[in-house]
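Novice: Residue strings, one per chain:
Number of protein chains: 2
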Amino acid sequence: MLVKKLDDIRASDRNVVTDGWESARLLLKDDGMGFSFHITTLYAGKESRMHYQNHLEAVYVISGTGTIEDLDSGRTHRLQPGTIYALDNHDRHIVRPETDIVTACVFNPPVTGREVHDETGAYPADTA
Amino acid sequence: MLVKKLDDIRASDRNVVTDGWESARLLLKDDGMGFSFHITTLYAGKESRMHYQNHLEAVYVISGTGTIEDLDSGRTHRLQPGTIYALDNHDRHIVRPETDIVTACVFNPPVTGREVHDETGAYPADTA
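Chains as they are written, first to last, in the numbering used here: chain A, 1 to 128; chain B, 129 to 256.
Rather than coming from a laboratory, the hints here were simulated on the basis of the structure.
Treat each hint with caution, since some may be false.
Below, computed lysine to aspartate or glutamate pairings styled on DMTMM-like, alpha-carbon distance capped at 20 Å [claimed, not checked]: (1) B/K174 <-> B/D228; (2) A/K5 <-> B/E150; (3) A/K5 <-> B/D141; (4) B/K174 <-> B/E226; (5) A/K5 <-> B/D135.
These numbers come from a predicted model, not from an experiment.
Using the sequences plus the hints, can you model the full thing?
Specialist: Pasting the structure below:
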């Protein structure tokens with residue numbers, strides 16, 4: 001059994017901070033669960049355009065509000081506590097947080113922790 | 129892209145209620161993510177003894193407090209917001225919620241939604 005605390009992860013090299021978000025990787029590939037689990041905060045007012053070509057990802061909103069635009073369908077969905085979105089088709093998308101949005105994120109296959117630049121591939125390099 | 133709301137899941141047959149907990153299955157096997165994702169509330173004062181022989185599970189505490197006892201090691205860990213435990217070895221365990229504990233749970237392989245009795249295999253049949 002593994003037991004970890006968010007505060008400890010945030011103080012470690014498993015916490016990644018960018019201009020638009022920060023992500024505490026509580027479980028990574030080397031934890032052997034077959035998925036990774038992150039608590040990610042999307043900063044208010046910072047638009048994030050993302051496209052995970054090599055992972056499926058589910059994102060559950062714990063707190064905060066905003067929208068997600070599905071660039072393939074053109075549809076925009078409301079994000080609020082209790083909403084989950086699942087990128088089951090490597091969907092290209094933009095998240096627009098109105099407030100800070102705290103999310104629980106699950107990646108399959110698990111993130112290793114070494115592919116920060118791949119994960120944020122659609123970000124300008126200087127913000128990653 | 130799949131987008132779902134907790135309130136809708138709670139009003140559907142994807143919400144499972146037992147004597148000790150209730151679980152809203154936001155993502156199940158048929159959603160094709162390779163994991164399942166549940167928002168599970170463990171009721172205050174209701175001890176749950178669990179042993180998932182066929183799944184790995186990670187549980188992140190969103191709110192509430194209690195303890196988890198690892199029956200293999202004999203150790204007891206504090207549960208509070210920001211704690212995650214991962215049953216990376218099909219660990220036998222007991223959760224003792226002091227308050228209602230709201231958790232985000234991820235199962236690998238994904239739960240199908242049809243194995244309620246297997247999931248709660250260590251519960252007396254009359255509470256499941």
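Novice: Going straight from one Cα to the other, do A/K5 and B/D135 come out at no more than 20 Å?
Specialist: Violated, because 28 Å separates the two Cα atoms, which is more than 20 Å.
Novice: Hey, A/K5 versus B/E150, does the alpha-carbon distance stay inside 20 Å?
Specialist: 24 Å, violated
Novice: Regarding the pair A/K5 and B/D141, is the alpha-carbon distance no greater than 20 Å?
Specialist: This hinted pair is violated, its Cα atoms lying about 33 Å apart.
Novice: Regarding the pair B/K174 and B/E226, is the alpha-carbon distance no greater than 20 Å?
Specialist: Distance ~8 Å between B/K174 and B/E226 Cα, so the pair holds.
Novice: Take the C-alpha atoms of B/K174 and B/D228, compute the straight-line distance between them, and say whether it is at most 20 Å.
Specialist: Holds. B/K174 to B/D228 sits at ~9 Å (cutoff 20 Å).
The structure fails hints 2, 3 and 5 (numbered hints given earlier, in ascending order).
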